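Undergrad: Chain by chain, the residues:
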Amino acid sequence: MTHGHSLFGPLADPAADAGHLQHPPRVGFFTDTSVCIGCKACEVACKEWNNVPEDGLNLLGMSFDNTGMLGASSWRHVAFIEQERPLGGQDAGLRELPTGPSSTGETAHTVAEALHQAERSGGDLGTAPVELGFPSFELPGAAPGDHHRTEFRWLMASDVCKHCTHAGCLDVCPTGALFRTEFGTVVVQQDICNGCGYCVSGCPYGVIDRRPGDGRAWKCTLCYDRLRGDLEPACAKACPTKSIQFGPLDELRERAGRRLGELHDAGVAEARLYGHDPGDGVGGDGAFFLLLDEPEVYGLPPDPVVPTRDLAAAWRYAGMAAGVLVAAALSAFARGGRR
Amino acid sequence: MSREAGQVRTAGRNREQLPVPRAEFRSYYGRPVLKPPVWEWKIPAYFFTGGLSAGCALLAAGADLTGRPALRRSARLGSLGGVLASTVLLIADLGRPARFHHMLRVAKPTSPMSVGTWILAAYGPASGMAAVAELVPPGLRDTRPGRLLRAAARPAGLSAAALAPGLASYTAVLLAQTAVPAWHEARRELPFVYTGSAAASGGGLAMLLTPVAEAGPARRLAIAGTIGEITASRVIDRRPGLAGETYRTGRAHLLRRSAEILNIAGIAGAATLARRSRAGAAAAGLVLLAGSIMQRLGTFQAGVASTKDPKYVVVPQRERLAASADGGR
Chain P
1 MTHGHSLFGP LADPAADAGH LQHPPRVGFF TDTSVCIGCK ACEVACKEWN NVPEDGLNLL
61 GMSFDNTGML GASSWRHVAF IEQERPLGGQ DAGLRELPTG PSSTGETAHT VAEALHQAER
121 SGGDLGTAPV ELGFPSFELP GAAPGDHHRT EFRWLMASDV CKHCTHAGCL DVCPTGALFR
181 TEFGTVVVQQ DICNGCGYCV SGCPYGVIDR RPGDGRAWKC TLCYDRLRGD LEPACAKACP
241 TKSIQFGPLD ELRERAGRRL GELHDAGVAE ARLYGHDPGD GVGGDGAFFL LLDEPEVYGL
301 PPDPVVPTRD LAAAWRYAGM AAGVLVAAAL SAFARGGRR
Chain R
1 MSREAGQVRT AGRNREQLPV PRAEFRSYYG RPVLKPPVWE WKIPAYFFTG GLSAGCALLA
61 AGADLTGRPA LRRSARLGSL GGVLASTVLL IADLGRPARF HHMLRVAKPT SPMSVGTWIL
121 AAYGPASGMA AVAELVPPGL RDTRPGRLLR AAARPAGLSA AALAPGLASY TAVLLAQTAV
181 PAWHEARREL PFVYTGSAAA SGGGLAMLLT PVAEAGPARR LAIAGTIGEI TASRVIDRRP
241 GLAGETYRTG RAHLLRRSAE ILNIAGIAGA ATLARRSRAG AAAAGLVLLA GSIMQRLGTF
301 QAGVASTKDP KYVVVPQRER LAASADGGR
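Going down the list, the sequences are from chains P and R.
The end of the first sequence is residue 339 by the numbering used here, with every number in the run present.
The end of the second sequence is residue 329 by the numbering used here, with every number in the run present.
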């Protein structure tokens, strides 16, 4: 039921708030992107275990990311971000590439500019050897040791449903198909969902979506079936670097705090946690992250707020508008007398 | 400006001249953060038919109580027609239409769609019973079922009218209760736009179907509603910041601009021609109906546009974070 502060703000025990009397501790994911190697084992394991259908075999031109974003048929998504970060006079070689580090919308413009300056306007491409700018045949930063580090930085991050404390999708679901499990996670019951699509617009992270052809809404279940069998979710099980860590949320938050301290001590000042704070707009995420840049660089909203926060206010305005409508109708009849 | 692959930096124009630089924002390859709504034209079309039905139900009840049989008849039939069309549109929009009755499994106050389902579930039969009484052929009026139906019509019609303001306004809460920036940010104004639009379309349809002599209340309700709708949507247009931009640009702007032109024409017609000739009343009524449709499509389109560009998500949230950091949180 909806009472007290269970619609917004910190909430210690969402499972109990949803009516689970005896329940296991709340579990979740801590995704430490600083050790993600972009292998996409999580994406594959998720698809295999949950029997998620193909979501399009595309080449998106977004570094190694050909998944694009989370959706009805992508419950894990590994983001790849290529960046140039000055390390003090070293050369990543990427600046020399006519297209820059990766193909973006700016590509055409950059290529055109660079070719204009080239000796034969780029007409020697395919004829003569061209300096591609890589300092060696090695991948940037592949060799060990400080002096091999370059200005090139590759960020990788495995995104997933956040299993919010205050879940926008769950709040708006009109059929009760979305529910809060005893583990504090948020799951769609596929035998109930009638594909109304409200959850798709209710999610402030753009996670859940309706699957074309199927008509129902789908998203990560945090492997509800595996949890009930005392197994960890498939993605965490498959992750070879323990970038995806599964466990009781309290424990994960503690571990994340320690990891953040380690990174800061090691000079990685840009490391930050995302979604760990129970005081944030969704009451804290069940799946939270350690990021190395701003959230929006990874396609995450910087300050998401569950729409339910403003539900009471929205109804108040609707009540006023309804009152004005009644008054208008009354006066429409009152003013004219019998005509 | 340093180039960073995978991040599209967008700067406002003339950023050098501004004392405070306009917000730059970064994104993941310019991809949207949010999912665009999966709803298509059927949902804004339902907002129209539902509002139309609610406006008619109010007119029907008033006509019933003030002794205007022709207005009562057309408004009751309009109310039923609107709610039938609404039901069809709502079910057809589902991903699994055969499971429409799953909406009735729960009553959930946090879901405006659930609240609306129950409003419709109560409103539909009431509106239907009042309208069916109008359709009893004269030969059957004095039979026992005929008398029963006619006796039930007034309480049914009054119940429908009591639920009508809820039906006309909950759809605005339904839009506001989403993460879609343009809808969520317009949560104060949208209910007034939508109830105004409901009154305009209900009045418009009654003007179209009722003899001029009895259509006075329909004209007055249509004029009052349209003025409310125009005012509230002007307030949305003047909303500062990016959320207002989606209403002022692109397809949403075109639709809402045409809604406003139609609405002004409709008011003028309702205040002048519609008082004198049946044809004038019908024309003004049709113009008002068209204005209401355009308004619904326009507000819907603004929301869709605000999900397709990450700017509308990232920039306001960044500004919010910066403001709370400045506030010495």
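Some clues are possibly wrong.
What the hints assert, rightly or not - Simulated restraints, written as ranges between beta carbons of each label pair:
#	chain 1	residue 1	chain 2	residue 2	range
1	R	Pro240	P	Gly267	16 to 26 Å
2	P	Ala266	R	Arg31	27 to 37 Å
3	R	Val106	P	Arg228	21 to 31 Å
4	R	Glu319	P	Ala266	27 to 37 Å
5	R	Ala323	P	Leu60	53 to 63 Å
6	P	Leu57	R	Arg31	16 to 26 Å
7	R	Arg278	P	Asp191	50 to 60 Å
8	R	Val88	P	Leu21	12 to 22 Å
9	R	Arg234	P	Gly267	16 to 26 Å
Said to hold, decoys possible - Sample of chain R residues facing chain P (criterion: CB under 8 Å; computed from the structure):
#	residue
10	Tyr28
11	Pro32
12	Pro37
13	His102
14	Thr110
15	Ala172
16	Gln177
17	Thr178
18	Ala179
19	His184
20	Arg188
21	Gly228
22	Leu242
23	Lys311
24	Val313
25	Leu321
Note that these hints are calculated values from the structure, not bench results.
Bear in mind that the values here come from a model prediction, so they are computed numbers and not experimental data.
Backbone N, C-alpha and C fix where the C-beta goes; we use that ideal spot for every residue, glycine too.
Undergrad: With reference to the structure, classify each hint as holding or not holding.
TA: Hints, one by one, checked against the model:
no.	hint	verdict
1	Pro240(R) x Gly267(P): 16 to 26 Å	41 Å, violated
2	Ala266(P) x Arg31(R): 27 to 37 Å	31 Å, holds
3	Val106(R) x Arg228(P): 21 to 31 Å	23 Å, holds
4	Glu319(R) x Ala266(P): 27 to 37 Å	32 Å, holds
5	Ala323(R) x Leu60(P): 53 to 63 Å	35 Å, violated
6	Leu57(P) x Arg31(R): 16 to 26 Å	18 Å, holds
7	Arg278(R) x Asp191(P): 50 to 60 Å	54 Å, holds
8	Val88(R) x Leu21(P): 12 to 22 Å	43 Å, violated
9	Arg234(R) x Gly267(P): 16 to 26 Å	54 Å, violated
10	Tyr28	3 Å, holds
11	Pro32	7 Å, holds
12	Pro37	5 Å, holds
13	His102	4 Å, holds
14	Thr110	4 Å, holds
15	Ala172	6 Å, holds
16	Gln177	5 Å, holds
17	Thr178	4 Å, holds
18	Ala179	4 Å, holds
19	His184	6 Å, holds
20	Arg188	5 Å, holds
21	Gly228	7 Å, holds
22	Leu242	14 Å, violated
23	Lys311	10 Å, violated
24	Val313	5 Å, holds
25	Leu321	5 Å, holds
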